[in-house]
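K.L.:
Letter by letter, the chains look like this.
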Amino acid sequence: MSRRSLAGFAILLLLACALPFMVSEYRSFQFTLVLVYAIALLGLNILTGYNGQISLGHGAFYAIGAYCAAILMDKYGVPYWATIPVAGAVCLAAGFLFGLPALRLEGLYLALATFALGVSLPQLLKYHHLEEWTGGVQGITIQKPDAPAFFAEFGLALDQDQWLYLFTLAVAVVMFVLGWNLLRGRIGRAMVAIRDNHVAAEAMGVNNALIKSLAFGVSAMYTGIAGALGAIAVQFVAPDSFNFFLSITLLVGIVIGGLASIPGALYGALFIQFVPNIADEISKAAPWAIFGLFLIGFVYLMPAGVAGAVRMAVARLGRKRQNT
Amino acid sequence: MKLKLMPVAALLAAALASPAALAQKKYDPGASDKEVLLGHINPYSGPASAYGTIGRVIAAYFKKVNQEGGVNGRMLNMISYDDGYSPPKTVEMARKLVEQDKVLLIFQPLGTPPNSAIHKYMNAKKVPQLFVATGATKWNDPKKFPWTMGWQPNYQTEGKIYAQHILKTRPNARIAVLYQNDDYGKDYLKGFHDGLGARAKAMIVREASYEVSDPTVDSQMAQLQASGADTFFNITTPKFAAQAIRKAWDSGWKPVHYLNNVSVGVGAVLKPAGLEKAVGLITTNYIKDPTDPQWKDDAAMKGWTDFMQKYYPEGDLTDNTNVYGYAVAKTLAQTIKQAGNDLTRANVMQQAASLKNFEVDVLLPGIKINTSASDFAPIESVQLARFDGKTWVRFGEVMGN
Amino acid sequence: MEPFIHQVLAGLATGGIYASVALALVMIYQATHLVNFAQGELAMFSTYIAWSLINAGMPYWGAFFLTVGLSFVLGVVIERVVIRPVENSPVLAVVVVFIALLVILNSVTGWIYTFTIKTFPSPFPGQPLFGNKYMSSHEIGAIGVTLVVLLLLYVFFRFTPLGLAMRAAAQNPESSRLVGIRVGWMLALGWGLAAAIGSVAGMMVAPIVFLDPNMMGGVLLYAFAAALVGGIDNPAGAVFGGFLVGVLENVLGAFVIGNELKLAVALVLIIGVLTVRPSGLFGKVHVTRV
Numbered sequence: 050m051s052r053r054s055l056a057g058f059a060i061l062l063l064l065a066c067a068l069p070f071m072v073s074e075y076r077s078f079q080f081t082l083v084l085v086y087a088i089a090l091l092g093l094n095i096l097t098g099y100n101g102q103i104s105l106g107h108g109a110f111y112a113i114g115a116y117c118a119a120i121l122m123d124k125y126g127v128p129y130w131a132t133i134p135v136a137g138a139v140c141l142a143a144g145f146l147f148g149l150p151a152l153r154l155e156g157l158y159l160a161l162a163t164f165a166l167g168v169s170l171p172q173l174l175k176y177h178h179l180e181e182w183t184g185g186v187q188g189i190t191i192q193k194p195d196a197p198a199f200f201a202e203f204g205l206a207l208d209q210d211q212w213l214y215l216f217t218l219a220v221a222v223v224m225f226v227l228g229w230n231l232l233r234g235r236i237g238r239a240m241v242a243i244r245d246n247h248v249a250a251e252a253m254g255v256n257n258a259l260i261k262s263l264a265f266g267v268s269a270m271y272t273g274i275a276g277a278l279g280a281i282a283v284q285f286v287a288p289d290s291f292n293f294f295l296s297i298t299l300l301v302g303i304v305i306g307g308l309a310s311i312p313g314a315l316y317g318a319l320f321i322q323f324v325p326n327i328a329d330e331i332s333k334a335a336p337w338a339i340f341g342l343f344l345i346g347f348v349y350l351m352p353a354g355v356a357g358a359v360r361m362a363v364a365r366l367g368r369k370r371q372n373t
Numbered sequence: 330m331k332l333k334l335m336p337v338a339a340l341l342a343a344a345l346a347s348p349a350a351l352a353q354k355k356y357d358p359g360a361s362d363k364e365v366l367l368g369h370i371n372p373y374s375g376p377a378s379a380y381g382t383i384g385r386v387i388a389a390y391f392k393k394v395n396q397e398g399g400v401n402g403r404m405l406n407m408i409s410y411d412d413g414y415s416p417p418k419t420v421e422m423a424r425k426l427v428e429q430d431k432v433l434l435i436f437q438p439l440g441t442p443p444n445s446a447i448h449k450y451m452n453a454k455k456v457p458q459l460f461v462a463t464g465a466t467k468w469n470d471p472k473k474f475p476w477t478m479g480w481q482p483n484y485q486t487e488g489k490i491y492a493q494h495i496l497k498t499r500p501n502a503r504i505a506v507l508y509q510n511d512d513y514g515k516d517y518l519k520g521f522h523d524g525l526g527a528r529a530k531a532m533i534v535r536e537a538s539y540e541v542s543d544p545t546v547d548s549q550m551a552q553l554q555a556s557g558a559d560t561f562f563n564i565t566t567p568k569f570a571a572q573a574i575r576k577a578w579d580s581g582w583k584p585v586h587y588l589n590n591v592s593v594g595v596g597a598v599l600k601p602a603g604l605e606k607a608v609g610l611i612t613t614n615y616i617k618d619p620t621d622p623q624w625k626d627d628a629a630m631k632g633w634t635d636f637m638q639k640y641y642p643e644g645d646l647t648d649n650t651n652v653y654g655y656a657v658a659k660t661l662a663q664t665i666k667q668a669g670n671d672l673t674r675a676n677v678m679q680q681a682a683s684l685k686n687f688e689v690d691v692l693l694p695g696i697k698i699n700t701s702a703s704d705f706a707p708i709e710s711v712q713l714a715r716f717d718g719k720t721w722v723r724f725g726e727v728m729g730n
Numbered sequence: 047m048e049p050f051i052h053q054v055l056a057g058l059a060t061g062g063i064y065a066s067v068a069l070a071l072v073m074i075y076q077a078t079h080l081v082n083f084a085q086g087e088l089a090m091f092s093t094y095i096a097w098s099l100i101n102a103g104m105p106y107w108g109a110f111f112l113t114v115g116l117s118f119v120l121g122v123v124i125e126r127v128v129i130r131p132v133e134n135s136p137v138l139a140v141v142v143v144f145i146a147l148l149v150i151l152n153s154v155t156g157w158i159y160t161f162t163i164k165t166f167p168s169p170f171p172g173q174p175l176f177g178n179k180y181m182s183s184h185e186i187g188a189i190g191v192t193l194v195v196l197l198l199l200y201v202f203f204r205f206t207p208l209g210l211a212m213r214a215a216a217q218n219p220e221s222s223r224l225v226g227i228r229v230g231w232m233l234a235l236g237w238g239l240a241a242a243i244g245s246v247a248g249m250m251v252a253p254i255v256f257l258d259p260n261m262m263g264g265v266l267l268y269a270f271a272a273a274l275v276g277g278i279d280n281p282a283g284a285v286f287g288g289f290l291v292g293v294l295e296n297v298l299g300a301f302v303i304g305n306e307l308k309l310a311v312a313l314v315l316i317i318g319v320l321t322v323r324p325s326g327l328f329g330k331v332h333v334t335r336v
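Heads up: the sequence lines are chains A, B and C, in that order. Mapping of the first sequence onto this note's numbering: residues 50 to 373, in sequence order. Mapping of the second sequence onto this note's numbering: residues 330 to 730, in sequence order. Mapping of the third sequence onto this note's numbering: residues 47 to 336, in sequence order.
It is worth saying that the hints were derived from the structure and are not from the lab. Yeah, the Cβ is synthetic: ideal placement off N, Cα and C, and Gly gets one too. Mixed in with the good hints there might be a few duds.
Stated by the list, open to error - Okay, the calculated bits of chain C under chain B, using three or more residues with CB under 8 Å as the criterion:
(1) 48-59
(2) 154-168
(3) 250-259
(4) 265-271
(5) 286-299
Take these sequences, add in the hints, and give me the full structure.
P.N.:
Set out below in structure tokens:
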């Protein structure tokens, strides 16, 4: 990372930290959700953007993470922060295991397999033999965490939303830094190599099977962690929260944000959080129609996603500066 | 000087304490001399967008009220948001309404999962979550959740009524049940089981669930028919109800058929299924159906039709959810009217809990809205009805009070 | 035994629904090598066109063929206007446009026609054939129509120059261009034909499930699975896949695992099959040359 981008990153982080003190509680909550979606989208981007495996079922991993957090907090009294790594671990395992048979499937057939996962999971959550844990169709309500007492002792009284935002921000920063490291490292390059030409990658000594399953596992882990954070922020999980449209929304998020781009996850998260609200403001009669027009508009104007457009704009600006 | 001021202060103190002071204006966020700001959450997009029309008909009704001068001189202004039937979005929208738009109350959020998601929040913030659009029993819990109130008859009570009717008329019935696999279907099922009591195990020979995403319920119907049942309890939403009614007839299965109130629309369900195939259906009713010929000359329904044509012309006149929205909007207007000039959240809730024999003209004759501090279930009475091929013929007395 | 036969026949009836929509998916795939998620909503929209025509007093068959024609035009127009500009974008960007079309069509139809269910007439007699109690004449007739469409498709792709050109354009656009095939128009034509087939499917499905804007949501899930399990490049395979999914789901739901998980288990089985035969049961195995 160049010094300039490091400085930019530091300023951005500082702004992000200051955000909950400048906006209302409700806005803090909204931006918490943006961060949650950003983590989930980064996860999906690892799989789809970098490794080229299409998933129409990532909502399922999001749901698994959310239910992990909810069940642990509600049934076993586990503190909220401890549920995050558990949710991540469970989803890592689930994703890795799912990735193994999915290895044999490519393109559309993989899409079908993941699609099946996304469609089946809500049904499984409702299944009456699991009701004891999942709460069945009624779902689970959980408590919202308070800020740790030591903040107040330092004279920084945080309300629940501010604290949750900062907590989510911390997790998000860790996940993004880890992701950035992973993707520019050996494994990340192997993932991209498989996406671009799996035969050549194999010939170069990349273990396709392992890397692809690993990509699945890591991707699921990210999305699961996001799910757990989302459940804590929303304080409620139910099968209806994780229907097939969640998976579709996540897919829309990475495409609009920018495939194979780390900041793209953040742009995509902003899109899926705020654009439906804008559509709703414009038309009560047919908000989905407006949302659809937004989608088409974004794809037309920025076929490589917002991240791609930003990259181009920056490059153009740089060129201009060199010319003058 | 001191002495002189004393009586004035005393007078003021006395005025504040006296009942006359109640006539003084008291406002919580969202209320003012000019308007009452109401929040509303409804699915306009997503899988439940069929219910979007409820939000539109309520908005149309408030437009009418405002054109006629408002309630106690105040305009009823409603901010309505789309949650797409997704609980996380409901939370976001409820917070937006309460914290940013600063509404007096949130009216009619739709669906059990979305309402469950904001249940705790609304009660912690002490903002009324008023007349929610779901028939779950948990909205009638004034001790634990004093800021939440339902409106329609609850599903469990209705399930119980059918069970009692079966026990009374055909104690040896063999029953098959078709239900939607979600909170709504399971609530009905629970009420039905409770109503049958110890006999439930022996009497119910087969239960089959379906998912909203299933294209048809043919397979389930074949299972139920094969069970040899002679009685059928049909817990389905309109499309599936019409399919089930038609399938039962076509396959030659002629059970005594109980249909849940959700799908009683003559024009919306029975006509598509085939009126001759619906003869003999038993249901419970509390609201007038716009497509039932018995209300053709009914003044209230004429009033509703006129209202629809004037204020919501694009609305569907055969859709009974539009009658539902009209009735619930009237109930809210009444509550605001009763609250007078004391438009605090506490008083709105107290007035909502003091509706006494309030009659909405589009409800069935004899069905009145009654609430109290310990009874947060506005409509509890329903009446059994049987379909005669043209119209629902009510029989027996008004029950459930 | 009787309940079993009943379930199988009911499964064939619903399987026929899946098969008809699966055919439209195969059509669009043959022409563009993409699976159009908006295909179901497009079919639903076409069915509303037919409904309006019939309600305006047009006789059934007149409305039927006019709707097929209008849907063809609609498909071509959508390709030219909406899909064209993103033709060279990444595949997933095109998929997002499909999703956009899906939500737009669903929302706009609900807005125009409301969500109240509507009856759609059937061209087949109201009395069940041969006095059977298991399948209505319409269900049997719809299967017949699906088989006719299948036959037409087979002949079209196998024996007509246009069909061959279309397949060539999808498989290898560059070479096709070199031999004089107008690839752009082939894509538009593919969209038109897929929309036309979809409209037939919609008009066959609507009398069974009733017409409403969400009519195709569930059906598309199954049709997608059906098309893939049979092999998305094989129309006959897709139809077989439709029947297979319909019957499998019914038998599993009624006798094995109960209704709650039948879709999940059916999908798991399909994926199990696919891991053994990754190109579908009847799909062509693609060998890539390096």
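K.L.:
Decide, hint by hint, whether the structure agrees.
P.N.:
Evaluation of the provided hints:
1. 48-59: With 7 residues closer than 8 Å to chain B, the stretch 48-59 of chain C meets the three-residue bar; holds.
2. 154-168: holds (count 7)
3. 250-259: Answer holds; 6 residues pass the 8 Å Cβ test.
4. 265-271: holds (count 3)
5. 286-299: holds (count 3)
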